[in-house]
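The lines below spell out each chain.
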Amino acid sequence: MRDGELRGGGPSRRRGEGTRLLLPTAVATLLIAAGCHKAPPGKDALQAAFRDDALSAPQALGHRIFLQRCATCHGPQGRGDGQNAYNLQPSPPDFQESLARVPVDERRRIIEGGTASVGRSPLCPPWGRSLGPDDVDAVLAWLDAASRPAPQAEALRARRR
Amino acid sequence: MALAVTIVWAVVTEGRAEWRLLQHRYASLEPREAAGEEGGAAGLQQIWLPDLDRVDRCTSCHLGISTPEHQDAPQPFRAHPGRWLEIHRPDRYGCTSCHGGQGEATTYRGAAHRPIPYWPEPMASRELMEARCGTCHRERRPKGTDWLARGRALMADRNCVACHEVPGHDVAEVRAPRLDGLALKVPPSWLRGWLKKPKSYLPKSRMGDFRLSERDVEALTAFLLQPHGQLPLDRADWSKADPEKGGELFRASRCVTCHEVNGRGGTLGPALTHVGAKASRDWLYSWIRDPHRFQPKTLMPRFRFTDEQARDLAAYLSSEFGDPPRDFVGSDAPPSASLAKEGRGIYEKRGCYSCHELEGFPSLARIGPKLGAIGDRVLEPAPLAARGIETTLPNWLFTKVSGPERVLESARMPTFGFGEDEAAAVTVALLSLRAREAPPGRTTRDPAPVPYEPQGEFGALVRRYRCLSCHTIRGSGHVTATGAPLSTVALDRIGSQLTRAHLEHFIARPYGVRVGLQERMPHLNVLPEEARTLAQYLSTVMVDDALEKAVPTDPATVARGKELFERHGCIACHIAGEKGGYVGPELNGSGARLEPGWAVAWLLEPERWKPGTLEPDRGLTRPEAEALAAYVLSLPARKAKGPGR
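Taken in sequence, the protein lines are chains A and B.
No gaps in the numbering here: position 84 of the first sequence is 84 in this note's numbering, and each next residue is one more.
For this note's numbering, add 1000 to where a residue sits in the second sequence, where the first one is 1.
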């Protein structure tokens, strides 16, 4: 063993000649033994790629559905700025500002039965029959993330990372 | 004595087994319910599925998995989320068919809830479960999957099947330009730059980067620019060319529906942002006049342009898009002919002829390994360990798909330049290919394609104008990298949906029916008599008798329809009268466009006709749908509006 390799070895440098080889050997033995059960530590490259978008799986699905069915009026992030928004009176709300005031079961009622079902204008149609319960759940999951005010959403994203 | 000790030890350990303790805890969790259902400690549970080769004991601990009331119970007693167990009953599918893991185990660790290195079947993450869906669901786009469907579409788009045998993919799908006559099309500078790094010319290039050395690039350039199967180019009088007129034509014809320009436009054809640096003016002219002469399998229609129009268009493309991309480098010196033989060797070795046809070469190389059992591949850990990546098959495939050179420096496979999410999707699709396929009764597949080749005069027009590059008939038609055809309008029953007069008018002069739509039908300059032939065929053959129904048109019904129209807020998306939204088609004058029976059927079941449509299913009754259709079809056309672009 070359001298230089031991120099970086930490605590063993202060020990006597006899133990100079003993400790690294023991550590090596332990490492080899551990190696039988554990792979060399490494990152899970694929899982990292899956989780890149900082949304949970149901939220990501919900956002895809939202982009497909809702974004034309509500805008891609639910800020009420879709390309058709200016044709609508009342115009679609900014979810970041207003959605927190709407209880979750009312959100579900609106998605499934349209705004008319809660006594508001008929401009937002009922999606319950087209989407089915699982997709409505997913949209609700995304709305929950989208309705948080921006700083909170940022913090959430940071925590997930 | 030894026997006695063994027996005592066995009794004690068995009595204190993880699953037994959990069952006691479950019983104490909700004594009444658990006792009623499971009778206290229920004993070791087992689902045995001989045809799937599975023995799953997961329910010994996951005791509340089929009990919806336990949706908030602590693990491992929580109910299965969603409605998955309704369609995949545990007694028919077990647990590990979808989740992976070691079904026979009765401990948390033994079941491989977390990945254990080198363990062949660890439990799958939510995303990797899609690979397990794909083992039984062999359709190209299995319902409810995201990564899997995207991965399969990407594999088809990047021509994987040209080099590898891939179950569920067909060589007929391989799409790449044939290379005969390349010397008349591109200059050496372009070919050098392209071979060196295809993405430097075309950021969305479907061809991978073959990581060629300078010498390989020289040799291939020399070989490819030899005269192979040249077709003579048409000649134009360029002194009379008017690029400005060509530009007008470029916009009026809606070339951007398929071709991207400066980052905007479709992806069915190659981006044209720098096409002048690639293709010669004479070649562009000849190509626009008749693309099918050069590339019989191209998706591009043969527009009915006059020679002058084709010339002006080529002149516009050459001058407007003549600059090469900024970091695109390649010298313009003629390649050394002595290297051509070496280039031929590289062309063969890298399997270029798998995708590109060329005179004198067989059409398929299949130089890569078969992928039928890639999901069971045994891997060598060294390349991953060196990169600090956990040694698992998913990681190995992901690394290989991201860049084959990261796994083996001398790999012949090109680097496709997938984004991380794309590589992850392809990995999921690959992992779904298992050596042991599920038994036939357990698998679902796309219906076998019925080869559809339209005949006669109609067929000739469909081929000339390449209708099936965007539309489908009986499932035949080009599918884009998203896994869907470009146009959402299938032609199978178009004759029962649209009136014959409208079809004829629209084919001759297409305009934007759905105003928000990006991919509008190009102006093909179809001749009036051709439009008549097409419309006549479509409205007599492409019909669905079930839709041929009349709608009552009496004033009372129309009035009821008007009331429904207002109550349902249809105006949010459709223009009717002077007001309305820009989402669905304008409804003024729709009586001249829509067949009444279709309008009713559409309102009743929009999802049936076009899954994912923006028209919501409102659960209308038939009389309601009829009244609504009667009102909509009665709206007169607006005077000012002509067929725009």
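Worth double-checking, as some hints may not be accurate.
Unchecked claim - Derived lysine-lysine pairs resembling DSBU-like cross-links, with alpha carbons at most 30 Å apart:
#1 Lys1245(B) <-> Lys1197(B)
#2 Lys1197(B) <-> Lys1349(B)
#3 Lys1549(B) <-> Lys1562(B)
#4 Lys1370(B) <-> Lys43(A)
#5 Lys1341(B) <-> Lys43(A)
Keep in mind the hints are simulated off the structure, nothing from the lab.
Remember, it's a predicted structure, so these values are computed and weren't measured experimentally.
Each hint tested on the structure:
{"no.": "1", "hint": "Lys1245(B) <-> Lys1197(B)", "verdict": "34 Å, violated"}
{"no.": "2", "hint": "Lys1197(B) <-> Lys1349(B)", "verdict": "19 Å, holds"}
{"no.": "3", "hint": "Lys1549(B) <-> Lys1562(B)", "verdict": "21 Å, holds"}
{"no.": "4", "hint": "Lys1370(B) <-> Lys43(A)", "verdict": "29 Å, holds"}
{"no.": "5", "hint": "Lys1341(B) <-> Lys43(A)", "verdict": "45 Å, violated"}
Violated hints, in rising order: 1, 5; the structure is consistent with all others.
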